[in-house]
Structures are given as structure tokens and as C-alpha cells.
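Protein chains: 2
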Amino acid sequence: EKPLPLDPKLKSSWDNFHDQIELIFTKDEKLNEGLSKDNMKARMERLVRATQEHVCYEAEQLELEACRHSGYFITLHFLKKNKNIIITVLIIVVITGAASPHSGGLTKVLSNGKVFEKAGVSVSVSSGSLSPAAVQQMTADHVELKQLLVIFCLFGQKKLGDEKGNVEFFAASVSSVIHPWNPHAPTGHFNYRYFELGDVDKKTGEFVCKVWWYGGGADLTPSIIYDEDCAHFHNTLKQACDPTDTSLYPLYKKWCDDYFLIQHRNERRGIGGIFFDDLTCGTNDTKNSKERLMGFVKDCASAYAKAYIPLVRRHAFQTYTPEEKDWQQLRRGRYVEFNLMYDRGTKFGLMKSGSRIESILMSLPLTARWEYCRDPVHDFEIAAHKVYTNPHDWLANATKK
Amino acid sequence: EKPLPLDPKLKSSWDNFHDQIELIFTKDEKLNEGLSKDNMKARMERLVRATQEHVCYEAEQLELEACRHSGYFITLHFLKKNKNIIITVLIIVVITGAASPHSGGLTKVLSNGKVFEKAGVSVSVSSGSLSPAAVQQMTADHVELKQLLVIFCLFGQKKLGDEKGNVEFFAASVSSVIHPWNPHAPTGHFNYRYFELGDVDKKTGEFVCKVWWYGGGADLTPSIIYDEDCAHFHNTLKQACDPTDTSLYPLYKKWCDDYFLIQHRNERRGIGGIFFDDLTCGTNDTKNSKERLMGFVKDCASAYAKAYIPLVRRHAFQTYTPEEKDWQQLRRGRYVEFNLMYDRGTKFGLMKSGSRIESILMSLPLTARWEYCRDPVHDFEIAAHKVYTNPHDWLANATKK
Numbered sequence: 001e002k003p004l005p006l007d008p009k010l011k012s013s014w015d016n017f018h019d020q021i022e023l024i025f026t027k028d029e030k031l032n033e034g035l036s037k038d039n040m041k042a043r044m045e046r047l048v049r050a051t052q053e054h055v056c057y058e059a060e061q062l063e064l065e066a067c068r069h070s071g072y073f074i075t076l077h078f079l080k081k082n083k084n085i086i087i088t089v090l091i092i093v094v095i096t097g098a099a100s101p102h103s104g105g106l107t108k109v110l111s112n113g114k115v116f117e118k119a120g121v122s123v124s125v126s127s128g129s130l131s132p133a134a135v136q137q138m139t140a141d142h143v144e145l146k147q148l149l150v151i152f153c154l155f156g157q158k159k160l161g162d163e164k165g166n167v168e169f170f171a172a173s174v175s176s177v178i179h180p181w182n183p184h185a186p187t188g189h190f191n192y193r194y195f196e197l198g199d200v201d202k203k204t205g206e207f208v209c210k211v212w213w214y215g216g217g218a219d220l221t222p223s224i225i226y227d228e229d230c231a232h233f234h235n236t237l238k239q240a241c242d243p244t245d246t247s248l249y250p251l252y253k254k255w256c257d258d259y260f261l262i263q264h265r266n267e268r269r270g271i272g273g274i275f276f277d278d279l280t281c282g283t284n285d286t287k288n289s290k291e292r293l294m295g296f297v298k299d300c301a302s303a304y305a306k307a308y309i310p311l312v313r314r315h316a317f318q319t320y321t322p323e324e325k326d327w328q329q330l331r332r333g334r335y336v337e338f339n340l341m342y343d344r345g346t347k348f349g350l351m352k353s354g355s356r357i358e359s360i361l362m363s364l365p366l367t368a369r370w371e372y373c374r375d376p377v378h379d380f381e382i383a384a385h386k387v388y389t390n391p392h393d394w395l396a397n398a399t400k401k
Numbered sequence: 001e002k003p004l005p006l007d008p009k010l011k012s013s014w015d016n017f018h019d020q021i022e023l024i025f026t027k028d029e030k031l032n033e034g035l036s037k038d039n040m041k042a043r044m045e046r047l048v049r050a051t052q053e054h055v056c057y058e059a060e061q062l063e064l065e066a067c068r069h070s071g072y073f074i075t076l077h078f079l080k081k082n083k084n085i086i087i088t089v090l091i092i093v094v095i096t097g098a099a100s101p102h103s104g105g106l107t108k109v110l111s112n113g114k115v116f117e118k119a120g121v122s123v124s125v126s127s128g129s130l131s132p133a134a135v136q137q138m139t140a141d142h143v144e145l146k147q148l149l150v151i152f153c154l155f156g157q158k159k160l161g162d163e164k165g166n167v168e169f170f171a172a173s174v175s176s177v178i179h180p181w182n183p184h185a186p187t188g189h190f191n192y193r194y195f196e197l198g199d200v201d202k203k204t205g206e207f208v209c210k211v212w213w214y215g216g217g218a219d220l221t222p223s224i225i226y227d228e229d230c231a232h233f234h235n236t237l238k239q240a241c242d243p244t245d246t247s248l249y250p251l252y253k254k255w256c257d258d259y260f261l262i263q264h265r266n267e268r269r270g271i272g273g274i275f276f277d278d279l280t281c282g283t284n285d286t287k288n289s290k291e292r293l294m295g296f297v298k299d300c301a302s303a304y305a306k307a308y309i310p311l312v313r314r315h316a317f318q319t320y321t322p323e324e325k326d327w328q329q330l331r332r333g334r335y336v337e338f339n340l341m342y343d344r345g346t347k348f349g350l351m352k353s354g355s356r357i358e359s360i361l362m363s364l365p366l367t368a369r370w371e372y373c374r375d376p377v378h379d380f381e382i383a384a385h386k387v388y389t390n391p392h393d394w395l396a397n398a399t400k401k
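Chains as they are written, first to last, in the numbering used here: chain A, 1 to 401; chain B, 1 to 401.
With the rest of the complex left out, here is chain A:
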């Protein structure tokens, strides 16, 4: 079977989510009761939780359709109860993290579905104290943050942290890795996060934020390259970036290509997307504002399902050859290499005491493969490898056609 065309009717569903998020943030007075507009922590927590719900819901819908597609109702692993259809629930994984005081995590994993081999969407909201060693580790990966901390120390009259060098933090993040079975359907990943570092006011005992930043991005990892898919993914991300600033997409596209490099092979794990970190601004910054940057992150987070899910939908039921499945498994091996060896989040997570190992390694595929001296052989392999080693400008190609 050929890939299905993108279904325009579905578009309303994605746009609808963006409107809902917009509503939560700006319009619905009841929802915002008790939340002042600059309460970034609470709003970011809402955003990450809503994004998780949304992406999980879309994945579930696809699983439900998959059951109808094959003409019979198989046992279904799913994440959220659906009122309209009675289905057998095999896995509902709801785990609350206990890494630090006042922390809450919610990991959702769909395993062994009909469409998805392994799909994880994870939310983590946590706060507590970072040791001097953890702060050092963090600043090593965050060059701009380090500069911020220097500025803070120079102008803020006192050093960040208590006498022992412990620094208080707050973090809210949503992240997801989705691996479909079909080798024609790409693996998708996104992560959006908000960080605050600060002190405890000795008089009031309250947390006072001193440095904050956003980070995140979304990237696509197809084993078999469909130019139309790549262009759709990148274009959707660009549409999400452009309202804030049209300079962001090209900048973050390049950052993404640089970040997802498997250094020892000099090839990328996929075809990229966007990546950014240390996104912050000064209090007197007239061009940027915390509000504006929050809007940017919100636009990106709410665009993910729209960028990714249609690509799985197109290819989920496509026929494939054993050679195509084998190649997918080899690329899964590359995914494992990147995540275990280079990914900042995985490294930081595993080094932080009290982390949930299973949440961190949720991103690994169900199965992976390594063959000795296995160079690309088939045309689809050679074409894909060419893209992994030479990042494309997908939108330039799209407008040319």
C-alpha cells in the first residue's frame, strides 16, 4: 500500500487544541482563578500536563482506529478511559515521582499497541535543592546560563545559593518519545521545559526566583525518508515559531541539527526539527518578555501533535518488507547510542540522585539491532543515510517543488 494522504478533516482537531490552550492561558477567568498572569510556574505546569493529555489522546485515537482497520477488536493497551467505547484496559501506568519535596511526575506509556511499539509521554514537575555538584554539572551544559549566573553574582550583590552552595530550583517539563511499529512511520520526540533557580527568603521562608529559562524542541527520526513528511514536520514547527519571531526557526533548526549528532559516527539520529535552551530575558528587555517567551513555548508545545501524528497516520498500515523492518531496527540502535551517550537530559537525569530510571530510559525503543560493518545497501537506506550525514533545508526543497 502507498502512504495515505494527509487528511485535511483532521486539521480542525489540532487547531482546536491550540485554541483550548489559548483559552486556559488567557480567556477563561474561572480556570485562571487564583493564578495571577505572571505565575509562570503554575501556568507552565498546566501547559505540560495539557500537552501530555493531548498527545496521548491522539495516540489512543490512532490505536482505536487501528482496531477497526483490521476488522476485529483486539485487546488494547491504552492510557485514558474513553466513555464511548468499552475496551479492555491492560496497562494504565500512573506513577508519582518522589525525587524531591513538592515534586509530582506523571509518566504515561503505551506498549505493544497495534500502531505503536512503545509510546511514552512524561510530565515532571519538581522543586527542591540542588547540590553544588549538580549546579556545576548543569552550568557545564548551559553556557548561556553560566553567563547569567555570573551577571547575577556581579550585580545581585550576593552569591546564588545558601552558605553550603545549595541552590533552590523549580522545574516543569513534558517530554515524549513515540516509536511506531511500521518502518515507514517515523519516530517522534519532543520536550519542553521551564527552570527556575533561586533562594529561600530567610524572613518569609518563600522561594525567590533569581534565574529562569525555557528549553526544548521537537525532532523527527524516520528510517525511510519521505520528503513530504519531513517538509510537513518542519513547516508545522516553523508556523509555530514565526508568530514570535521569524528568525527563530532557522536558528533553532540549526541548533537541532548540531545537537542530535552521534559524534562517533558523524551522523544525526534523524532529520531534525527545532532545539533551543537557556531561553531567558532581562527584566528590562523591551523586545523579549517572559510572557512572550512563554507564548513561544506554548505555540511549539501545542503544535507537536499536528506536526507528528499525521505522519504516523499516513504510514501506520502501509505494507513493508523484511529489509525495511531490519533497517528500522538498525536505526533504533543508533537512537539508543545517541540517547545513552550524548543526550543531556538522560545524562543529567541518571546522575541526579533520586531520579526515576524507568522514566528517563522510557525513550529507548522496545527493540534495537547492531550488525557488524553494516553499511547502507538498499536505495532507501542510502538515501536516508545521506540525509543523516548532510542535514537538509526541508522548506527550501518544498517551495522549489
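Be aware that one or more of the hints could be misleading.
Any copy will do: because identical chains look the same in the list, a pair fits if it lies in one copy or spans two.
Claimed, not checked - Derived DSS-like pairs: lysine-lysine, alpha-carbon spacing no greater than 30 Å straight-line: (1) Lys290 / Lys325; (2) Lys347 / Lys254; (3) Lys164 / Lys254; (4) Lys114 / Lys325; (5) Lys386 / Lys347; (6) Lys203 / Lys386; (7) Lys114 / Lys254; (8) Lys210 / Lys386; (9) Lys41 / Lys290; (10) Lys325 / Lys210; (11) Lys386 / Lys202; (12) Lys202 / Lys114; (13) Lys202 / Lys238.
Don't read these hints as lab results, they were simulated from the structure.
With chain A fixed as given, assemble chain B onto it according to the hints.
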């Protein structure tokens, strides 16, 4: 089927290899022609090459028997030509490394055999110049070596290396990872290596060795624990260590348990064996001598096939359940985690420019698996997990019975 008993008739073959090695080193004048007894480089090169031949030969024999076992002659992937039997050779991989001047590598990989999923035995003999950064990386992992270098700098009248801090080196090593198909048959690994660091004599242009050391070890990774297997493996290694010094086995057994720890899971990848590094001695050391340490490494290297191959032989044709195969695949995932995240050799190899990535990652299994929140369930899983988290004294258990 139950595991086969260890075959006493085979014992002669293993002992025979040890005698051959002994012959090469001490008795056969013709073989030693042109090699003075203290020419450690040339002798170590012979040892690593002979060990590779030996382990590959044993693996091949098992593959040949596997063909007879199932009653028909399947296409066979093998490594060395066998004069007595006409067989189809599908893979002969012989690659000469080109990492540095005067280097020579020989990697042998048997893939997709009847007994072995992936079996690699690799030899590397190389020399050249290490950059100051590479020397720093090396000393970070070698605490005792660092002390040696300090002593050398204090007493040697001058600093090691040229004006730019480049240090000349020589290295000869043999390493192997063998993954059988059958989940009852354990994965085996060994590595023995010899290192020299030194200067080039400005008058003669010849390399002058200033610091040298041996390193290596062997360890076993069963998915399903057979106490008898573990005891046999450890006992064979102990027998190889004891002639040099009976204090070595307990010391290196513990080092091995400490080294093969997957830190983020606080469990070992297998049931251990022996591990040592930075093994050297002063020129006036009366207890140790370079010759004596060479003898120790030779005894260990020549004992490996005897320690490992019989265990594969016992279990290669045992029937197994899908649950047992699944568990093996999950343990393969742990193997990947250790090798990519913690193994010194892998990390050093991938950071060194000009390395052969394929040789370094040869140790990865053909396939591996990760399931979310997959705790040990079946009795054999729980029993194995208990051993990975609490290293056993296998020989104490053996004598008790």
C-alpha cells in the same frame, strides 16, 4: 532438554593450547628466533594473535558440530578455512586498522551462526603518538598509572613526552565478546592488553619505553544462572591466577564486580570474573618482574576458551521458552547500557581520533530490548537479578556442596 554435562574428553584440547603457548614462549628455539626473551612487544603480539586464533577455532568447531547436530548441513559463516571439510564461506572479515603508523588490527566476527548470534574476537597492535589531551584522558581512568608518571617525572630527571607534550605509545591487545542465541548459554567477554609509553631517543630515533603496564580480565554474563557454570568459569580463572600468586584471584574478582556495575541501576551486567589494570613493577622489584607478569597474562589468556566455551557447549541446543528468550533480550539491553555508558575501552576508543568504530562497537549484541517498568517476574529472572545485585563468592559455594 537438560543442559549437557561438561565433557571431560574436551579438556585435553584446552590444556593443549596452554602447552602450545608455553612452547612459543619458552621452548621452541625456531619460533623465538630473532626475539630476545625480554622483547615484550613482539611476544605480547604473538600472545594476542594466538589467543584470537584459539578462541575463534573453538567457536568454529562448535558451529560445525551444530550443523551435524541438526542432521543437515546449513550454510555456515565461519572465520578460518578448514582443510578437512568443504563448507560455504559467507563471511570472512579481515580488516587492517589504520589508526596510526605501524599499527595492525585484525577483527574476526562470526554473525548469524547456528550457535552464535554474534561472536567477535579482535586483535589490535598499534603504536604512535598520543596528544596531551589523550594522555590526560588516559591518566584520569588509571589512578596507579598517574602515580607512576609522577614518580617518573620526579626521578626521571625530565618530563615524559616531547616539547608539545605528545607521548609515544605502543599497545597490543586481544578482546572478545561472544553472544550465543540460546538464552541458557551465557555471553562471554575477555580482554588482555599491554601498554608502553615512552620517548623517542633524539640521537638514534628509536622508541625508549619509560612506563609499561598490563591490563585485562574475563567476565561471564548469563541470563539464566547455572551455579555449576559460574563455579566452573570462576574456578578456571582462579587456576590461571594461582601459579603467579594466590592473592590475585580474590583481588581481581572483587575489582571485576566493582567495574562491571551499571551505576544508574545499581546492578552488575553479569556474574563477574576477574579484572585488573595498571599491572607493572619497578626494575628493582624482587617479588615481581616483567617476565612474571607476562606469564600471568599468558596464563589468563590461554585459560579463557577452557573457562567459557564448555558453557556454550552445554546449553547451545537446550530447548527454551519465549519467556526465557525475552529475558535474555532484556539482559542484552543492560549489556548495551554498560558498554555505551561506562566501559573504559569503549569510551576511550570512541574519543580517540582515527579509531575503527565498528571494531569498538563489535561488542554490542545483534538485538536488544527495553520494556518500561519491567521488573523480574519469573523465578529464573528473580534468581538472576539477585545475583546481579549481590555478587556471589562462587568458589565458596562450590566447596560447600
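Results for each hint:
no., hint, in the structure
1, Lys290 / Lys325, "neither (45 Å within a copy, 52 Å between copies)"
2, Lys347 / Lys254, "both (22 Å within a copy, 27 Å between copies)"
3, Lys164 / Lys254, "neither (39 Å within a copy, 36 Å between copies)"
4, Lys114 / Lys325, "both (16 Å within a copy, 22 Å between copies)"
5, Lys386 / Lys347, "both (28 Å within a copy, 26 Å between copies)"
6, Lys203 / Lys386, "neither (60 Å within a copy, 50 Å between copies)"
7, Lys114 / Lys254, "neither (35 Å within a copy, 46 Å between copies)"
8, Lys210 / Lys386, "neither (45 Å within a copy, 46 Å between copies)"
9, Lys41 / Lys290, "within (12 Å within a copy, 64 Å between copies)"
10, Lys325 / Lys210, "neither (50 Å within a copy, 53 Å between copies)"
11, Lys386 / Lys202, "neither (58 Å within a copy, 47 Å between copies)"
12, Lys202 / Lys114, "neither (55 Å within a copy, 70 Å between copies)"
13, Lys202 / Lys238, "neither (45 Å within a copy, 61 Å between copies)"
Checked against the numbered hints above, the structure violates hints 1, 3, 6, 7, 8, 10, 11, 12 and 13; every other hint is satisfied.
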